Amino acid sequence: RSQYKQFLEGDPSSPMTEERIEFLNKINFNWDCTSQPWEDTYGDLATFVKEFGHTRVPRDFTKNPILPQWISIQRTDYRKFHLGNPSNITEDRIELLNKID
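Residue numbers are given in this note's numbering: position 9 of the sequence shown equals residue 9, and the series is strictly consecutive.
Fair warning: there could be bad hints in the mix.
[As the list claims (entries may be wrong)] SDA-like cross-link-like pairs, simulated, lysine to any residue; straight-line CA separation at most 25 Å:
1) Lys5 - Glu19
2) Lys99 - Leu45
3) Lys50 - Lys26
4) Lys50 - Leu97
5) Lys99 - Asp40
6) Lys26 - Glu9
7) Lys80 - Gly43
8) Lys5 - Pro15
9) Lys26 - Asp60
10) Lys50 - Trp31
11) Lys63 - Asn30
12) Lys5 - Gly43
13) Lys80 - Lys63
14) Lys80 - Lys99
15) Lys63 - Trp38
16) Lys5 - Leu67
17) Lys5 - Asn30
18) Lys99 - Glu39
19) Lys63 - Ile100
20) Lys50 - Tyr78
21) Lys99 - Val49
22) Lys26 - Ile66
23) Lys63 - Leu96
24) Lys63 - Phe81
[Stated by the list, open to error] Restraint ranges, calculated between C-beta atoms of paired labels, are given here:
25) Ile94 - Glu19: 39 to 45 Å
26) Arg79 - Ser2: 42 to 48 Å
27) Tyr78 - Pro15: 16 to 22 Å
28) Pro65 - Asn88: 17 to 23 Å
In case anyone wonders, no lab produced these hints; they're calculated from the structure.
Note that the structure is predicted; figures quoted are calculated from it, not measured.
No residue lacks a Cβ here, since even glycine has one placed at the ideal position from N, Cα and C.
Working from the sequences, and respecting the hints, build out all of it.
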């Protein structure tokens with residue numbers, strides 16, 4: 001995303017190219033990481049669990065390509081939280097995630 005921003009600003013040091021942008025657009029890359037609030041993706045996970053009965057979303061889940069990465073981030077943040085390290089997860093979010101299983 002930062003390389004894309006550099007490219008749009010005309011920064012010659014950006015490794016981003018038109019071809020890369022085109023490829024990323026074809027795979028529905030999310031350029032704006034703030035465009036989908038946590039609660040929306042949580043809902044997507046709940047829907048996945050209802051359909052498949054587990055939270056192990058495959059990395060190549062084409063129905064919702066953001067979901068596998070989002071789950072990975074939640075798991076990483078959960079581990080950081082329990083180790084006392086800075087984390088973006090809250091106790092409320094942990095409680096919600098635990099309710100899904």
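Out of the numbered hints, which ones does the structure contradict? 3, 10, 12, 13, 24, 26 and 27
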